[in-house]
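**Student:** Sequence:
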Amino acid sequence: MTSTLPTRTDQIRNRAALIEVIGGYMASQALALAAELRLADHIHAGVTASADLAAATGTHAPSLHRLLRTLVAIGLFAEPTPDTFALTEVGEQLRVDSPDSLWAFTRFFTNPTLFSSWQQVKHTIDTGECAFDHVHGKNIYVHLAENPELSALFNVAMGQESRVSAGLVAHGYDFSAVRRVVDVGGGDGTLLAAILGTHPHLTGVCFDSAAGVAEAAGVLGAAGVSDRCEVVAGDFFASVPGGGDLYIIKSVFQDWDDDGARRLLRTVRASMPEGATLLIVGSVLPDAADTANPVMFYTDINMLVTAGGRERTEGQFRGLLGETGFVVESVGHGAAGPLSLITARPAL
5 MTSTLPTRTD QIRNRAALIE VIGGYMASQA LALAAELRLA DHIHAGVTAS
55 ADLAAATGTH APSLHRLLRT LVAIGLFAEP TPDTFALTEV GEQLRVDSPD
105 SLWAFTRFFT NPTLFSSWQQ VKHTIDTGEC AFDHVHGKNI YVHLAENPEL
155 SALFNVAMGQ ESRVSAGLVA HGYDFSAVRR VVDVGGGDGT LLAAILGTHP
205 HLTGVCFDSA AGVAEAAGVL GAAGVSDRCE VVAGDFFASV PGGGDLYIIK
255 SVFQDWDDDG ARRLLRTVRA SMPEGATLLI VGSVLPDAAD TANPVMFYTD
305 INMLVTAGGR ERTEGQFRGL LGETGFVVES VGHGAAGPLS LITARPAL
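For any residue, its number in our numbering is found by taking its place in the sequence shown, counting from 1, and adding 4.
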């Protein structure tokens, strides 16, 4: 009979794997400080020794040296020779001006406002209630509207998160029969800018709350498409702009529970012409959890804790769409990088 007991090597590896997870908050806080100090920008500019980086950032050199080595250990920086630091491909994304920057995304999701909600995660698991609301006494989107600086950081963060998938949607979806695109919950316009920039025959509407579209004019202007795009502020639970051939909802349903998702879908359905198409861009969870894409599960639990929302399986999306007057035409798993594309039309 073959023994199934773990070897000593297995035990050591398994212990290390668990300890790394236990130390996850240490890694995220080290990352938060690296972004706050803009260490990646300094290193990219040629400041590579810990003493010089400490002088540039006004920090304690021996302590910064230890932080830098921790950042090496988690894969953000490299130390090719003792006390000489360089950026890895992952760390390059911490540069503010990198074309692939996730600096604002890092700053927002390691912000103490969100971290304090996670410190009360047990309240959510015990009650099903949103920890953010419990801690702050208000919904996260109300909080953002009341804090313009944090709201602006959130908008940039969402634009950075959308950049890769926006390009994939712009090049991967067939827009040949489309003339007018309405991006519902369009935020800073990153997705619509990519679509209009790729397809000159299109016009568009970037629609979101006043706080959500605060940076949209600048993004669309920089992309050279503002003459073909309107920026409209409003409440998508009340109404959305009419007259579109294609209505896009990207990474919005995750923000809301099923009641909120139904309300949004019914509002969009009421405004859509009968021949229009709905395109949902977002994560689609597998029916059984696995380790292939942990980020979507992080997002799922984070939305529960910070916003009361959730990610969904294909079956759950189909159920919501069917209940609100839509027929699903196709589900393209992974058609936009880590995100999927769901196309639906109004039911006759």
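Incorrect hints may have been included.
Restraint ranges, calculated between C-beta atoms of paired labels, are given here [to be verified]: (1) T92 <-> E333: 40 to 46 Å; (2) N143 <-> T295: 29 to 35 Å; (3) D101 <-> G238: 29 to 35 Å; (4) D101 <-> I305: 41 to 47 Å; (5) V332 <-> A65: 55 to 61 Å; (6) K142 <-> R73: 36 to 42 Å.
These are calculated hints, taken from the structure and not from any lab test. Here a beta-carbon is modelled for each residue, glycine too, at the ideal position from N, C-alpha and C.
**Student:** Using the C-beta atoms of K142 and R73, is the stated range 36 to 42 Å upheld?
**Tutor:** holds, 40 Å
**Student:** Could you tell me whether the CB distance from N143 to T295 stays inside 29 to 35 Å?
**Tutor:** holds, 32 Å
**Student:** Could you say whether the range 40 to 46 Å given as a hint is met by the Cβ separation of T92 and E333?
**Tutor:** At roughly 41 Å between Cβ atoms, E333 and T92 fall inside 40 to 46 Å, so the hint holds.
**Student:** If you check the beta carbons of D101 and G238, does the distance land in 29 to 35 Å?
**Tutor:** About 33 Å separates the Cβ atoms of D101 and G238, which means 29 to 35 Å holds.
**Student:** Against the range 41 to 47 Å, how does the distance between the Cβ atoms of D101 and I305 compare: consistent or not?
**Tutor:** violated, 32 Å
**Student:** Measuring from beta carbon to beta carbon, are V332 and A65 in 55 to 61 Å?
**Tutor:** holds, 58 Å
Hint 4 from the earlier list is the only one contradicted by this structure; the remaining hints agree with it.
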